[in-house]
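Peer 1: Listed here are the chains, written in short residue letters.
There are 2 protein chains.
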Amino acid sequence: MPDKQQTIHRASSDMGNGPKRPIMLAIAGDSASGKTTLTKGLVNALGPERITSMCVDDYHRYDRTERKELPFTPLHPDCNHLDIMEQHLQLLSRGEPILKPVYNHSTGELERPVKVEPREFIVIEGLFPLWSRLSRACFDATVYLDPPESVRRTWKVARDTSKRGYTEEQVLADLEKREPESEAFIRPQRRCADIVVRFSPIEERGESTGDPLSATVLLRPTIPHPDLLSLVGEQTSEAMHLKLLRDEDGKPVDALHIHSYASEEATRKLEEAIWNQLDVSEPLSEELGMIDGKRDGPLAITQLILLYHLVQAERRAS
Amino acid sequence: MPDKQQTIHRASSDMGNGPKRPIMLAIAGDSASGKTTLTKGLVNALGPERITSMCVDDYHRYDRTERKELPFTPLHPDCNHLDIMEQHLQLLSRGEPILKPVYNHSTGELERPVKVEPREFIVIEGLFPLWSRLSRACFDATVYLDPPESVRRTWKVARDTSKRGYTEEQVLADLEKREPESEAFIRPQRRCADIVVRFSPIEERGESTGDPLSATVLLRPTIPHPDLLSLVGEQTSEAMHLKLLRDEDGKPVDALHIHSYASEEATRKLEEAIWNQLDVSEPLSEELGMIDGKRDGPLAITQLILLYHLVQAERRAS
Numbered sequence: 301m302p303d304k305q306q307t308i309h310r311a312s313s314d315m316g317n318g319p320k321r322p323i324m325l326a327i328a329g330d331s332a333s334g335k336t337t338l339t340k341g342l343v344n345a346l347g348p349e350r351i352t353s354m355c356v357d358d359y360h361r362y363d364r365t366e367r368k369e370l371p372f373t374p375l376h377p378d379c380n381h382l383d384i385m386e387q388h389l390q391l392l393s394r395g396e397p398i399l400k401p402v403y404n405h406s407t408g409e410l411e412r413p414v415k416v417e418p419r420e421f422i423v424i425e426g427l428f429p430l431w432s433r434l435s436r437a438c439f440d441a442t443v444y445l446d447p448p449e450s451v452r453r454t455w456k457v458a459r460d461t462s463k464r465g466y467t468e469e470q471v472l473a474d475l476e477k478r479e480p481e482s483e484a485f486i487r488p489q490r491r492c493a494d495i496v497v498r499f500s501p502i503e504e505r506g507e508s509t510g511d512p513l514s515a516t517v518l519l520r521p522t523i524p525h526p527d528l529l530s531l532v533g534e535q536t537s538e539a540m541h542l543k544l545l546r547d548e549d550g551k552p553v554d555a556l557h558i559h560s561y562a563s564e565e566a567t568r569k570l571e572e573a574i575w576n577q578l579d580v581s582e583p584l585s586e587e588l589g590m591i592d593g594k595r596d597g598p599l600a601i602t603q604l605i606l607l608y609h610l611v612q613a614e615r616r617a618s
Numbered sequence: 301m302p303d304k305q306q307t308i309h310r311a312s313s314d315m316g317n318g319p320k321r322p323i324m325l326a327i328a329g330d331s332a333s334g335k336t337t338l339t340k341g342l343v344n345a346l347g348p349e350r351i352t353s354m355c356v357d358d359y360h361r362y363d364r365t366e367r368k369e370l371p372f373t374p375l376h377p378d379c380n381h382l383d384i385m386e387q388h389l390q391l392l393s394r395g396e397p398i399l400k401p402v403y404n405h406s407t408g409e410l411e412r413p414v415k416v417e418p419r420e421f422i423v424i425e426g427l428f429p430l431w432s433r434l435s436r437a438c439f440d441a442t443v444y445l446d447p448p449e450s451v452r453r454t455w456k457v458a459r460d461t462s463k464r465g466y467t468e469e470q471v472l473a474d475l476e477k478r479e480p481e482s483e484a485f486i487r488p489q490r491r492c493a494d495i496v497v498r499f500s501p502i503e504e505r506g507e508s509t510g511d512p513l514s515a516t517v518l519l520r521p522t523i524p525h526p527d528l529l530s531l532v533g534e535q536t537s538e539a540m541h542l543k544l545l546r547d548e549d550g551k552p553v554d555a556l557h558i559h560s561y562a563s564e565e566a567t568r569k570l571e572e573a574i575w576n577q578l579d580v581s582e583p584l585s586e587e588l589g590m591i592d593g594k595r596d597g598p599l600a601i602t603q604l605i606l607l608y609h610l611v612q613a614e615r616r617a618s
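Protein sequence lines, in the order shown, are assigned to chains A and B. Letter 198 of the first sequence, counting from 1, is numbered 498 in my numbering, and no numbers are missing. Letter 106 of the second sequence, counting from 1, is numbered 406 in my numbering, and no numbers are missing.
Please note that the accuracy of each hint is not assured.
Heads up, the list lumps identical chains together, so a pair's fine if it works in one copy or across two of them.
Stated by the list, open to error - Below are the DSBU-like pairs computed for lysine-lysine, each with C-alpha atoms no more than 30 Å apart in a straight line:
| hint | residue 1 | residue 2 |
| --- | --- | --- |
| 1 | K400 | K320 |
| 2 | K415 | K477 |
| 3 | K569 | K543 |
| 4 | K463 | K543 |
| 5 | K368 | K400 |
| 6 | K400 | K415 |
| 7 | K340 | K543 |
| 8 | K463 | K368 |
| 9 | K340 | K320 |
| 10 | K551 | K463 |
These are computed hints drawn from the structure, not numbers from a lab.
Construct the entire structure; sequences and hints are all you get.
Peer 2: Pasting the structure below:
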């Protein structure tokens, strides 16, 4: 189905024609850019009975052994069944189940597929969810995670040495090998997202990757964001503020800055105010911003903005 | 997509709207009823570049170990992802590729899925292709294989002991265990087929399962069959003849009988005559009826009738 028809199909479902469709959010970004952490808070906030999360990095065409003979890394489109990923996104967006392939990151093997049943909300995270016009047409809101490379390198080394059995040297060599394909195929998805999220230390304050990170959330005027101007203002001296910018491509965006030193009181107050704009009866979840058992303010607000879009899109669709 | 929409979609493609769709043939039947043998001749006749064959018995929900704990055999719908099978049939029928699950009959394990790209023709064989209105709506012609149980038992023991590592006792115990589910879920598909094929010995002639088998091909007036009446006549004393019958359900069918003792000259002549009714420039394939390196007349004519339907459906669709 061409992307336009997919968009029309979604809009048509919203007008009460056909079965109720799930609300879909894409979280795209390179390996170890924080996708799973961001997703986890959303799943915990809505509860696993209402939201499914799914990683689309399992659509590998080759297993690890086969890839050794091949001239590309998993970041190359030809290394993945992206047409099948697109097909599955379309099916899910129409409320149909799929049989999703499974790549085992520990063994590097492709395994038996699993059935994924759509729920009320679906978060799709991975390297390629914003790859094509058709895949993008399946989503209600799209996010690209854009940490500085220094932060991503730290995260990737930490994860791949602790959870995937690699040495630090192997991870760094892998990053270098992947760099040209990351530039060619992953990072271009940044310009297709409604929201671009960057967690980073503030260099001007002498911070480094090990310090608590601040968040910059670019909000493109492609979907209706919460009204933040009335809540945080444009005073750049404030720990939280909004700034009108030209993005890399010269196009206008709003940048919400949440500095790591913003007080818990202030971030909680902003969360409450954004949530109130939705005018829903449910209370604001306590699950947002949790990382290693502690609350992180910038992460909580970022997750809340995504939660806002899920709930808002569902209201439009129902 | 409801079955009616699937039918409309197929008809619409035939009128030049949208991409060209593949011609799809279903060959349904119980385990070891001859599906693969029948399919092989079609694939060899058209050539693997024009025709894909696919077995839909790989949509098992559980592997062999998991099934040991469960109260049903693979013949139970709940033991299979039949909704995903239906979805994949629809996708193929619209010319889209699928990522098909794989069940390894030797190990009893579910393995990495394989991509199946539709070709000009697709033969779908298995236990459940005629299971639902929606699955049936995906096909241009449907076949049910209906050998007598004595023949099927012989075939199943021969195959499962030589190719799947079971003992004869295991195979017979398995058949007994499967019988209630075969009756409940597999055999009811017989009444949904356009063509019912029965290879069997002729008891009145004192033949047994080890002898060359005769074919009875029931042709239901649900699709346009070749004109056989002008070719074989209704003389039941002839080795090949047509007989008007009431089927098990009381509905009228034409039964083409091809006795095993029909001469090669006669079966070849009938093949030529049926093929000529298609008025195509390609010569009649020499691949029909081959089994263990020898030609079998009743099998050749049965395969030719299916080939006739594939070619005829393609002409209607183009």
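Peer 1: Are the CA atoms of K400 and K415 at most 30 Å apart within a copy, between copies, both, or neither?
Peer 2: Result: close both inside a copy and across copies, 6 Å intra and 12 Å inter.
Peer 1: Indicate which option fits the pair K463, K368 if close means a Cα-Cα distance not exceeding 30 Å: within, between, both or neither.
Peer 2: within (21 Å within a copy, 33 Å between copies)
Peer 1: For the identical chains here, do K340 and K320 meet the 30 Å Cα criterion within one copy, between copies, both, or neither?
Peer 2: within (25 Å within a copy, 43 Å between copies)
Peer 1: Regarding K569 and K543, is the shortest C-alpha distance of 30 Å or less found within a copy, between copies, in both, or in neither?
Peer 2: within (20 Å within a copy, 85 Å between copies)
Peer 1: Pop the pair K368 and K400 into one bin, within, between, both or neither, using alpha-carbon distances up to 30 Å.
Peer 2: Both, since 24 Å and 25 Å are each at most 30 Å.
Peer 1: With 30 Å as the alpha-carbon cut-off, assign the pair K551 and K463 to within, between, both or neither.
Peer 2: Neither, since 39 Å and 64 Å both go past 30 Å.
Peer 1: Classify it for me, K463 with K543: is the Cα-Cα distance of at most 30 Å met within a copy, between copies, both or neither?
Peer 2: neither (38 Å within a copy, 70 Å between copies)
Peer 1: Are the CA atoms of K340 and K543 at most 30 Å apart within a copy, between copies, both, or neither?
Peer 2: The answer is within: 28 Å in one copy meets 30 Å, while 67 Å across copies does not.
Peer 1: Up to 30 Å between alpha-carbons, please classify K400 paired with K320: within, between, both or neither.
Peer 2: both (21 Å within a copy, 27 Å between copies)
Peer 1: State whether the alpha carbon distance between K415 and K477 is at most 30 Å within one copy, between copies, both, or neither.
Peer 2: between (33 Å within a copy, 28 Å between copies)
Checked against the numbered hints given earlier, the structure breaks hints 4 and 10 and satisfies all the rest.
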